[in-house]
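Enquirer: Protein chains in written order, with the working numbering: chain B, 1 to 500; chain F, 501 to 667.
There could be a bad hint or two in this list.
[As the list claims (entries may be wrong)] FRET-style restraints, in silico, Cβ to Cβ: (1) B/Pro199 to F/Gln535: 24 to 34 Å; (2) F/Arg525 to B/Asp462: 47 to 57 Å; (3) F/Pro645 to B/Arg498: 53 to 63 Å; (4) B/Gly105 to F/Asp529: 34 to 44 Å; (5) B/Leu348 to F/Pro645: 41 to 51 Å; (6) B/Ala496 to F/Pro645: 51 to 61 Å; (7) B/Gly342 to F/Leu641: 23 to 33 Å.
[As the list claims (entries may be wrong)] A few chain F residues that don't get close to chain B, going by computed Cβ distances all over 12 Å: (8) Ile658; (9) Ala659; (10) Leu661; (11) Leu664; (12) Arg665.
Honestly, the hints are just simulated from the structure, not real lab data.
Bear in mind that the values here come from a model prediction, so they are computed numbers and not experimental data.
Glycine included, each C-beta is placed from N, C-alpha and C at the ideal position.
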Amino acid sequence: MAEIFGGLAVGFAHAVQPLNFLMICLGLTVGIVAGALPGITMLNAIVLVLPFTYLMGIVPALLLMIGVYCGGVFGGSITGILFNIPGDPMNVPTTWEGYRLNRKGQTQYALGLAIMSSAFGGLVSALFLAFFAPPFAKFALSFSTVEFFSVVVFGLASVSVLAQHSIATALVSLCAGMFLGTIGTEAQYGVERFTFGVPFLRTGVDFVTVLIGLFAIGEVLDQVVGTAEPAPENPDARAVPRLPLLDLWPLRWPLARGTAVGIAVGGLAGAGATVSSFVSYGLEKQISKQPELFGTGHAGGLVASESSVNGSTGGAMIHLLTLGIPGSAATAVMMGAFLIHGIQPGPLLFTRQPEQVYTIFAGMILANVLMIALGFLAALSFATLMKVPAPILNTFIVVFCFLGAFALRNDMADVWLTMLFGIAGFFMRRWDLPIPPLVMGVILGPLAEGYFLTSMVAEGNDLTVFVRRPVSAVVLALAAGLVVWSIVKSARRKRAVRAG
Amino acid sequence: MPLWRRAAAPLLGAAAAVVLLLASRGLGDVAAPGQLSPAFWPRLVLAGLALACLVKAVQDARLRTVGGHVDVAPPVARGLLAGGIGLIVLYVLVTPWVGFPLATLLLIPAFMALCGARSVLALGANAVVGTVALLYLFIKLVYLPLPKGVGVFEDVTIALLRALRIF
Numbered sequence: 001m002a003e004i005f006g007g008l009a010v011g012f013a014h015a016v017q018p019l020n021f022l023m024i025c026l027g028l029t030v031g032i033v034a035g036a037l038p039g040i041t042m043l044n045a046i047v048l049v050l051p052f053t054y055l056m057g058i059v060p061a062l063l064l065m066i067g068v069y070c071g072g073v074f075g076g077s078i079t080g081i082l083f084n085i086p087g088d089p090m091n092v093p094t095t096w097e098g099y100r101l102n103r104k105g106q107t108q109y110a111l112g113l114a115i116m117s118s119a120f121g122g123l124v125s126a127l128f129l130a131f132f133a134p135p136f137a138k139f140a141l142s143f144s145t146v147e148f149f150s151v152v153v154f155g156l157a158s159v160s161v162l163a164q165h166s167i168a169t170a171l172v173s174l175c176a177g178m179f180l181g182t183i184g185t186e187a188q189y190g191v192e193r194f195t196f197g198v199p200f201l202r203t204g205v206d207f208v209t210v211l212i213g214l215f216a217i218g219e220v221l222d223q224v225v226g227t228a229e230p231a232p233e234n235p236d237a238r239a240v241p242r243l244p245l246l247d248l249w250p251l252r253w254p255l256a257r258g259t260a261v262g263i264a265v266g267g268l269a270g271a272g273a274t275v276s277s278f279v280s281y282g283l284e285k286q287i288s289k290q291p292e293l294f295g296t297g298h299a300g301g302l303v304a305s306e307s308s309v310n311g312s313t314g315g316a317m318i319h320l321l322t323l324g325i326p327g328s329a330a331t332a333v334m335m336g337a338f339l340i341h342g343i344q345p346g347p348l349l350f351t352r353q354p355e356q357v358y359t360i361f362a363g364m365i366l367a368n369v370l371m372i373a374l375g376f377l378a379a380l381s382f383a384t385l386m387k388v389p390a391p392i393l394n395t396f397i398v399v400f401c402f403l404g405a406f407a408l409r410n411d412m413a414d415v416w417l418t419m420l421f422g423i424a425g426f427f428m429r430r431w432d433l434p435i436p437p438l439v440m441g442v443i444l445g446p447l448a449e450g451y452f453l454t455s456m457v458a459e460g461n462d463l464t465v466f467v468r469r470p471v472s473a474v475v476l477a478l479a480a481g482l483v484v485w486s487i488v489k490s491a492r493r494k495r496a497v498r499a500g
Numbered sequence: 501m502p503l504w505r506r507a508a509a510p511l512l513g514a515a516a517a518v519v520l521l522l523a524s525r526g527l528g529d530v531a532a533p534g535q536l537s538p539a540f541w542p543r544l545v546l547a548g549l550a551l552a553c554l555v556k557a558v559q560d561a562r563l564r565t566v567g568g569h570v571d572v573a574p575p576v577a578r579g580l581l582a583g584g585i586g587l588i589v590l591y592v593l594v595t596p597w598v599g600f601p602l603a604t605l606l607l608i609p610a611f612m613a614l615c616g617a618r619s620v621l622a623l624g625a626n627a628v629v630g631t632v633a634l635l636y637l638f639i640k641l642v643y644l645p646l647p648k649g650v651g652v653f654e655d656v657t658i659a660l661l662r663a664l665r666i667f
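Just chain B, same shape as in the assembly (with noise of 0.2 Å):
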């Protein structure tokens, strides 16, 4: 403990060190307005900022890439909130609650409660990192993708509790959005799915197409023909959020909750800050005394998944760093970064190069702490874009979508993609098809396939493989429970509704 102790002063005393402190600040702010603009990730921000890295010094490259990661996973709530533009899939579920606080007029408790839990999960996610990573790490190790699936699908049953009037219309959005997940080319064999000769299918569906298009074009259309809900009579009240520490007290244990979840789902490889916000929104709207409230505006629902996601954070870098195994697309472009300033992610890291895990470790949890501060700043320039006339944001919001989707892959096809989305988008809710389990089954139905064929691959085709290994046995166990819960309880209310 004390070796702990002693490495963290050293690694706290290279991180506010002027020059390395300005990286974090920079870091954070580059991530939180990259993870802010739809179609521009946290991913592309850290590859972004590669190159700069090379002409630094060790300490401020390691520094700026840590601020990016952590202000990364955090910025796209704030457009999720104010636009119903998640800027990751990772800030869906943020999206769902928030967007709705903030069409009842609170919108600077949505986005203060949206700080303030990203950074409780984070500091604790990074102190964990720091006081457990080796222990966890050994544990985490005996993990395979027959437990990865089981979590993926453990996120896939959260979407029976997100069914608000029925189940069955749940599944088929959700069905409809894993088969969208299986266009293009598959990865085992390379064999084209689903593409009907078109090229550009050939890659799949991004599904950051269909996040932008059924979320952000779809609420224009709506906006447009005037069947969206009316905004906030006093806008002039949304303009400065409030860090609403005392708020967070009757929220202590959705926050507890979606922080231990983020740290557990993070710390499997490849089952990262995505996973961890669904898992920790489908469970929290089912412990939850009003799970009829969730997707109204629920508090405790934002804070469980904006917890988790920044909650992952650490438990991704456990793996990362101990182990040299990157457990996402972003932490496999810091290991790049790591590697290239000579620093060997693996077991032997903590005894050959002590001081820069340490000052990792104090570098996260001081950007978890400036996080406070500087997404605060963030959202408060985002919020001012809430005073400008609604004709004017439609507009502009409907351009960032088309540079969004372009962005992707300099192709008009997900131009095309995002836009076709976005009609449908709007159709869907009038039709009352939910949006929400589309999104899941596009994000988490392709990983779900990836580890179940990796699965019977590895496994001889052998099914029981689930249920024979204790935790992938649990999560199934939990998911079938989540399941049959939700549709006793779905039952009950069309009972009672017939009743009386």
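Since the structure of chain B is provided, determine the placement of chain F on it from the hints.
Expert: What follows is chain F alone, placed relative to chain B:
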């Protein structure tokens, strides 16, 4: 709403899932012996989709026959909807031909007017300032190779970008 109309949408969904299931027939041929084919997962998903659609159709039919409450969506301003969709589709359609700057310069006032803005000054100012700002941000700073158009439009776009010192 008549029973057949309420059940039609989920039944159509089920039919589409069956058609796609049939379309996946050739996918199974490449699988190695003893291995799951690339068609396995999509077929599982499509079977789930078809089943969910059928359950939904039955539920909708039952809702009607037992006199359950059916939500009716609020009326839509069809002209505005057609205008909104038309402008968005037109924007994506013409951008590769006329280039991003010109298409955006035209879209901004048109879409703003559709949303209810009436001040000519506001329409013009937003179109010009917005387009120029976007060009600086996304071409000069982010190096996004936005469509320049073809033929004479490409020349116009390049001249504009040069005049703005973006090129």
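Enquirer: Indicate, hint by hint, whether the structure satisfies it.
Expert: Hint by hint, here is what the structure shows:
| no. | hint | verdict |
| --- | --- | --- |
| 1 | B/Pro199 to F/Gln535: 24 to 34 Å | holds (28 Å) |
| 2 | F/Arg525 to B/Asp462: 47 to 57 Å | violated (27 Å) |
| 3 | F/Pro645 to B/Arg498: 53 to 63 Å | holds (59 Å) |
| 4 | B/Gly105 to F/Asp529: 34 to 44 Å | violated (58 Å) |
| 5 | B/Leu348 to F/Pro645: 41 to 51 Å | holds (43 Å) |
| 6 | B/Ala496 to F/Pro645: 51 to 61 Å | holds (58 Å) |
| 7 | B/Gly342 to F/Leu641: 23 to 33 Å | holds (31 Å) |
| 8 | Ile658 | holds (18 Å) |
| 9 | Ala659 | holds (22 Å) |
| 10 | Leu661 | holds (16 Å) |
| 11 | Leu664 | holds (17 Å) |
| 12 | Arg665 | holds (21 Å) |
The structure is inconsistent with the numbered hints 2, 4, although it conforms to all the rest.
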